[in-house]
Each structure stands twice: as structure tokens, then as C-alpha cells.
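There are 2 protein chains.
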Amino acid sequence: IDDGDGPTLDALLEPVHAADIADLIEQLTPPRRREFLNLYSGEIDGEILSEIDESIRDEVIEQLPHEVLTEAVREMDSDDVVDLIEDMEAPEQQAILAALDESDRAAVERSLTWPEYSAGRLMQSEVVTAPGHWSVGETIDFLRGEEWLPDQFYHVVLVDPRRHPTGYVTLGKLLASRRDVLLRDITEDSFRTISARQDEGDVAYAFNKYHLISAPVVDDDDRLVGVITIDDAMSVLDEEHEEDFLRMARVSDESHVSDGPFQTARQRLPWLVINLCTASLSALVISRFESTLAQLVILAALMPIVASTGGIAGTQSLAVAVRALATRELTSANARRVILRELFAGLLNGVGLALILTLAGAIILGSLQIGLVLGMAMIANQVVAAMGGVLVPLGLSKLGLDPALASGTFVTTMTDMMGFFAFLGLASWVLV
Amino acid sequence: IDDGDGPTLDALLEPVHAADIADLIEQLTPPRRREFLNLYSGEIDGEILSEIDESIRDEVIEQLPHEVLTEAVREMDSDDVVDLIEDMEAPEQQAILAALDESDRAAVERSLTWPEYSAGRLMQSEVVTAPGHWSVGETIDFLRGEEWLPDQFYHVVLVDPRRHPTGYVTLGKLLASRRDVLLRDITEDSFRTISARQDEGDVAYAFNKYHLISAPVVDDDDRLVGVITIDDAMSVLDEEHEEDFLRMARVSDESHVSDGPFQTARQRLPWLVINLCTASLSALVISRFESTLAQLVILAALMPIVASTGGIAGTQSLAVAVRALATRELTSANARRVILRELFAGLLNGVGLALILTLAGAIILGSLQIGLVLGMAMIANQVVAAMGGVLVPLGLSKLGLDPALASGTFVTTMTDMMGFFAFLGLASWVLV
Chain F
2 IDDGDGPTLD ALLEPVHAAD IADLIEQLTP PRRREFLNLY SGEIDGEILS EIDESIRDEV
62 IEQLPHEVLT EAVREMDSDD VVDLIEDMEA PEQQAILAAL DESDRAAVER SLTWPEYSAG
122 RLMQSEVVTA PGHWSVGETI DFLRGEEWLP DQFYHVVLVD PRRHPTGYVT LGKLLASRRD
182 VLLRDITEDS FRTISARQDE GDVAYAFNKY HLISAPVVDD DDRLVGVITI DDAMSVLDEE
242 HEEDFLRMAR VSDESHVSDG PFQTARQRLP WLVINLCTAS LSALVISRFE STLAQLVILA
302 ALMPIVASTG GIAGTQSLAV AVRALATREL TSANARRVIL RELFAGLLNG VGLALILTLA
362 GAIILGSLQI GLVLGMAMIA NQVVAAMGGV LVPLGLSKLG LDPALASGTF VTTMTDMMGF
422 FAFLGLASWV LV
Chain Y
2 IDDGDGPTLD ALLEPVHAAD IADLIEQLTP PRRREFLNLY SGEIDGEILS EIDESIRDEV
62 IEQLPHEVLT EAVREMDSDD VVDLIEDMEA PEQQAILAAL DESDRAAVER SLTWPEYSAG
122 RLMQSEVVTA PGHWSVGETI DFLRGEEWLP DQFYHVVLVD PRRHPTGYVT LGKLLASRRD
182 VLLRDITEDS FRTISARQDE GDVAYAFNKY HLISAPVVDD DDRLVGVITI DDAMSVLDEE
242 HEEDFLRMAR VSDESHVSDG PFQTARQRLP WLVINLCTAS LSALVISRFE STLAQLVILA
302 ALMPIVASTG GIAGTQSLAV AVRALATREL TSANARRVIL RELFAGLLNG VGLALILTLA
362 GAIILGSLQI GLVLGMAMIA NQVVAAMGGV LVPLGLSKLG LDPALASGTF VTTMTDMMGF
422 FAFLGLASWV LV
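For the record, the sequence lines run as chains F and Y.
Counting from 2, one number per residue, gives the positions in the first sequence under the numbering used here.
Counting from 2, one number per residue, gives the positions in the second sequence under the numbering used here.
Any given hint could turn out to be false.
Because identical chains cannot be distinguished in the list, a pair is counted as satisfied if it fits within a single copy or across any two copies.
What the hints assert, rightly or not - Pairs of lysine to any residue residues, derived as SDA-like cross-links and limited to a Cα-Cα distance of at most 20 Å, are as follows:
1. K210 / P271
2. K210 / H18
3. K210 / T130
4. K399 / R248
5. K210 / E243
6. K210 / E240
7. K210 / S56
8. K210 / R337
9. K210 / G47
10. K210 / E48
11. K399 / S136
12. K399 / R337
13. K210 / I22
14. K210 / P16
15. K210 / S196
16. K210 / V298
17. K210 / T328
To be clear, the hints were calculated from the coordinates, so they are not data collected in a lab.
Just so you know, these numbers come straight off a predicted model, no measurement behind them.
With the hints as extra help, turn the sequences into a complete structure.
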């Protein structure tokens, strides 16, 4: 299709949703993408631009003619403009800001004064407000008279004369009430404002927990500065989950399928090198038992069993703890109970696995003693795994660090070292 | 607080949001929970009940007096009732259904005929509809006259006389338009219906991708049967992410912080036993090289370095592939490119790590040869890890299986076996 025929391409993509066009652009190889943009750039609008993944957005923007870009930006809601330009360098940022109307520009600039990943960056400045003493009829007449309204809005926010939000009315209530009813009499019970300084992850969590659809954002003086809608909160929730998922697997959350091999390799190398170091610690542990191993070489074949099963158990316990911390289900109130639960569960599984290993040792290897050593080491390592899996993320989160980021490395280092040490230590004591 | 004083408790919890009360109930230990429910059960309403996590909801329901339960259920929207009773046994289900009004009961029963985890189970049957030829004024008068309206609704769905949805109008547009404007002239461009048979994960994905707020659900004859709102889609997205996260760490997605130690141990044991088996395969590989190990015991200490670094690389590659499959960013269209990217990135990192190992071998161990063997084995294992990490999930998803579920075990088994085999094989060839 994109071998030269611009008009056909335009016609074909006419009925396609902006999000799908953005997906198409992401999936092309860089040279094909350039060809595509040459043919299609005139049609790229604000909607498509805000759907394109950050990893390739810079590349796309560079290839767009300046008029197309400014035209696209002028159509966008203020939150999408902020999202687009917050990672740009100052001169580019200025070029785009210059293309906006004065009021839009002021809104975007105000948003940019809030910290990165805060509610202030996520909100849109376009809010529909009304004083509480208005009647439903007055409000509807006001909305009909207003030339400019946001694309999507779900509530009318009631504000006092100093722009402090005092409540909100759903559009459904507004439509279903008689014209003479006062707005202040049909506000929702559950009214929550969000501070512009709040972390966007906490905002997404609150939306999901309290089933919010939109929430007013206030500045440090409790004055209304914008509104966050659930679709933005949903995107943040999605991103936060993705970040946790990738971080647990020790991948940078900036990695993307469209990255090239060099970028991919560079993103992953640091954790591999760190693992090289922690694995060397295990090697050091093992090397202390060289004389034991020399006497009974079969131990070398068996020792990874204890270490790797401990690693799995540690990861299990860790994953549950990291999720529970993220969803605020693990708090200081129940931490002690969860730790005891893990300890006991680790002990139970350790004993279960030890029974299997002892039997297997006796039957397959013909040595009850080796089976017993394997089993005892397994119990010790399962307990260490269970404890490490819950204590390490709790500790990191107490220190204000992200428990998903480094826990995995800590925990598997612990289970590897403990696995080799317990097994070889017991073996050199009992068997040799 | 819950040492006996019911009225004080009621007063204290009066201003608290239902979701927070549910959290409180979840965090109590089972005996404390019983005490709490004895004091507070009269106040448990539909909202609190639908917020309580499934893992303890049965326990809570059993302790509620029948009248409280039926009263609570009668207040709930049909989708929440479905969510509550779908996992119950037939007699309990009947008891709750009997408490509902006839029309509600019929709606719930219709929902239950759709497959589990489908859009049909997620939707609520309460939809606000209007014929397209109505004017804005007629619609507002209709809404004002209607006694019963859903708690939350964001669109009026236009239907033809056979209840086929033909478009929808946002409440914002409805409020901002003059009374004589026809509904069919202010419908949204992007109109999507969802089949009741569609998987709820796909529904959540569509909501997030296309920024939907609510979407009409249709049956096999394209007739409107309900509506799904974004807050439900957001919960599903959250759950699906949680499931993937826990599955990658080999934890049942039904595990919960409030589980007891026995339950926890039982949920985790199966994967530990599977790992025992796969680790035994590695032990088998190692045992083939017993004579090599006997001659050069230091190899036993070094071999886990290659295996574990391969495991990390495999997990990295796997996590990226699993996420990309879940977000439909990895498709048959770009699979070949992603596989080549992984291959090349694995090769690059393998060479990088090999250089470090060769140097370390020469300097720390004083043996360039051992360093070279470590390095060569590392390159081989990094390539296997990169390939396994992308091919295994692609293969599983081609077979219609969940790539998050078993990939980890496959991939780490591959990298362990390859790590030991390449290192010991090369060592017995070069060194001994």
C-alpha cells in the first residue's frame, strides 16, 4: 500500500480510529515509517499524535512539517499537550507553546510547573464549573450558551466565589432533575478532591478503588485548577502495572517492541552485570567447599536443586508482597501477620519438598543420607526464601524505594547463597 | 474499638467510604472479623458487599443475617449481583435470586447465561435508550419523567425499533444542545458495540485503547442487551494485570494477603514440585560431567554463573514478549523482526558478558582458558535465553494458551540446562 499512492492511503485510513493508525505507525520498521509519514503526514492530527507511544513519538514529530505539528497541537486538550511536550528540550517546547492560543498556552505552562508524574501534569485545565446556588435550568442554559466545552465531561463542579470546589453534580442527575432544582441539592455524596501534587499512581489507585469517573484537582490553597478523568487514570494504572511487571523481570520500563537490538541490549545489560556479581558471590560460597565436592562429586550435580527451588519460592513470596504493597493491602497493620503467614507457609512447603527429596534420594540415588541432607537444606532455604520474599520488599518500601525494582536480585542472591551453603555445609558435616 | 460497642462503631464508620470499610473487613483476622460482623452486620449494604474481595466474600456472606443480605442485594446494580452470585452454589444462588424484583431477577438470569469472563457477565442491564428521531427536549423530558435511572450513566444509546443500537449521544452534548436538535444529529463519530460473548480482557483492552467511557453490549442478533461502563473495565484491566504479574512469578492468581498459611502453602507447592523435576533434569546434565568435575573442582563453583545469568536474560526477554502479546504490540506482522532483534541483542550482551568473564578469569582465577570457556558458554546461553524468551510465549499463544502461565518454567529450564551443558561440555573439551 505505501509504495507511493498517497490519496489511496488517505481514503483507506479515513474510517480507521486514531489509536489504530498510531498502532500501525508503531509497527512499521523505521525506514517504512519514514515512507509512510512522507505520504501521510498531512493527515496526522492531534488525536493520532497523542496515541503514539512515547518511544517513537520524537522520531515521528521530527518528520512532521511544522504547520502540521502546530495544527495538531492546537486541537489537543491541555493534558495531551503537556504529555507531548514534557519530555522535549526547551527550544522545541517553546516552538510548540508559541503555536497555542494564549489561554491554552497559560494552561499548559501552569501544568508544567507541577512535578513530573503528579496529578497536576495529568489533569486537563478545561473544567465545567457552576456556583452552587444556580438552578438546573440556569446551568443548562449556561451550557447551551457556552461556545467552548471540553470534548468529554461527566460532572459539573460546584465552586464557591474563591474557586474552592464544594461538590459535584453528575450530568445524569442534571438531566433527570426539574429546571427549578438547585445544584447544591443534587450533589453526589462521595466528593473527593485531588491535590495537584499527588503522585499519578496514587490518583489511579483512588479512581479504581472509589469508582471515580472524574475528580477535581486543587492547588496548595485548595483552589480548583483542573480535572482528571477516568480514561487518563486508566492509562496510568495500565502503565504502572506494566512498569511493575517489567521491573520484576529486571527490564527497564522504557523498553518497547519497536526498540532496535542495540537499544535492547543496552537496556538489559546492567542487570545482567549485576547478576554476574551476585552469582560470583555464590561461586565464592561453593568454592569454600571444594574439598567436600572433590570427595563426593555427585553433590555438584545436586546442589542447584536446592538453590533453584528456593529461588522460585522467593519469587512467589516476593510477587505477592509487591502486589499487596502496590494495592495497599499490605500495611503496617497486618505486616506482622503476613510475615508469620509466609514463615509458616515456607516451613510447610519446605517439609513437603524435603519428604519428596528424601524419598527420591533413597530410591534414585540409593542414599537416604544424601536425601536427608537435600531435604534439610531445602527446609532451611524455603524459610529463607519466604522471609526474604516478604521482608526485602517491606524494607525497601519503608526506605521509600520501589519494592519492584531491586527485590528480585536481593532475594535470589539470598536463596542461591543459602541454598549452596546449607546443602554443602550439611553435606560436609554429615557425609564426608 | 470493636470490643463490644456497636452504636459507637456505627457512628465512627458512618462517614467512611464503602471501599474503605471493605478494606477494613479484609484486614482483620478471621476471629476479629466475626466479632466485627456481629456488631456491624446490620449496616452492611450492597455497596460494601460488592467491594469486598472475592477471597473472603463467602465467609462474610455466611455470617450475614438473611434479611440484611437480601436487602443489600436488592440495592445493587445487576452487574454487581452477577459478580456476587456467579461463584455461589445453586441453592444459595436461588435464595438470593428469589429476593430480587421480577425484572431484576430476569436481568441477572439473562446475564448468567453468558459464558464466564465474558462481556455479558460484566455488563449491567440497565441502559438508557432513546429512538434517534427524538429531539433533545423530548429526551430531557423523558429522563425527568423516568422514575428509575441507573446510578451512573454517561451516554444515551440510540436504538431502532428492533433494539439494534445505532449510535450514542454523550450527556455533555445533550446538555449543550438546543431543545429542538435531533439526537441522531449529535451522535459521536466513534461508535463501537461489544459482543456479549467477547472476553472481558479484550473489553478492558478496547476501553483503554479507544478511551471509551461506556459501550453498548449486543447479543448474537446485534440487539442491545446491556452496557459496560469504564469503571468496570478498569477493574478488569487491574485484575488481568495482577493475574499476569502473579502468574509470571508462578503464583496462583487467587492468592490474597488475607489467605492463611495452609492455603498459601498449597497454592504455591505445585510449581515448586514442578521446579524440583526440572532442576533434576539439570542435575542429570551435570552428572554426565562427573569425571570432568572430579578433575577440576573449581568448575562446580563457576557453573552456576553461566546458568543464572542466562536465567535473568531469559526472564527479561520473556517479560517483554509477554507484555507485548498482552497489549497486541507483538503480532504475526512483526514477530520475525522481534525475534531477530532478540537474537541480535542476546548475541551482543553475550559478547559483552564474555569479555568481562574472560578478563575476570585471567585476573582473578589466573586462568585465561577458564575465562574463555566461561565466556563462550555465556554467549551460547545468552542466545538460547533470548530465543527461548520470545519463542516460548509466541508458541504458547499460538496454541491458545496463556503465555504468562508456563513460559517462565520452560525458559529457565532451557537456560539452566544449556548453561550447565555448554560450560561443562566446553570445559571437558578444552580444559581436561
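Going down the list of hints, with the structure as the test:
Within a single copy, K210 and P271 get their C-alpha atoms no closer than 36 Å, and across copies no closer than 32 Å, so neither meets the 20 Å cut-off. Taking the shortest alpha-carbon separations for K210 and H18, only the inter-copy value of 10 Å comes in at or below 20 Å, while the best intra-copy value is 30 Å. Taking the closest pair of Cα atoms, K210 and T130 never come within 20 Å of each other, the shortest separation being 25 Å inside a single copy and 29 Å across copies. For a Cα distance limit of 20 Å, the shortest separation of K399 from R248 inside one copy, 18 Å, qualifies, whereas the shortest one across copies, 26 Å, does not.
Taking the closest pair of Cα atoms, K210 and E243 come within 20 Å of each other both inside a single copy (19 Å) and across two copies (15 Å). In the homo-oligomer, the alpha carbons of K210 and E240 lie at most 20 Å apart both inside one protomer (17 Å) and across protomers (12 Å), since each shortest distance falls under that limit. With identical chains, the CA atoms of K210 and S56 are at most 20 Å apart between copies only, with a shortest distance of 17 Å across copies and 30 Å within one. With identical chains, the CA atoms of K210 and R337 are never at most 20 Å apart, being 25 Å at best within one copy and 40 Å at best between copies.
For the identical chains of this complex, K210 and G47 are inter-copy neighbours only, at 16 Å across copies versus 31 Å inside a copy, given an alpha-carbon limit of 20 Å. Only between protomers do K210 and E48 lie at most 20 Å apart by alpha-carbon distance; the minimum there is 12 Å, versus 29 Å within a single protomer. Taking identical chains as interchangeable, the C-alpha atoms of K399 and S136 are never at most 20 Å apart, the minima being 50 Å within one chain and 58 Å between chains. When the C-alpha separation of K399 and R337 is checked against a cutoff of 20 Å, the pair qualifies only within one copy, where the shortest distance is 14 Å, while the shortest distance between copies is 44 Å.
Only between protomers do K210 and I22 lie at most 20 Å apart by alpha-carbon distance; the minimum there is 12 Å, versus 32 Å within a single protomer. In this assembly of identical chains, K210 and P16 lie within 20 Å of each other by CA distance solely across copies; the values are 16 Å between and 36 Å within a copy. Taking the shortest Cα distances, K210 and S196 sit within 20 Å of each other inside one copy (17 Å), while across copies they are farther apart (27 Å). For the identical chains of this complex, K210 and V298 are neighbours neither inside a copy (56 Å) nor across copies (57 Å), given an alpha-carbon limit of 20 Å.
Taking identical chains as interchangeable, the C-alpha atoms of K210 and T328 lie at most 20 Å apart only when both belong to the same chain, with a minimum of 9 Å there against 23 Å between chains.
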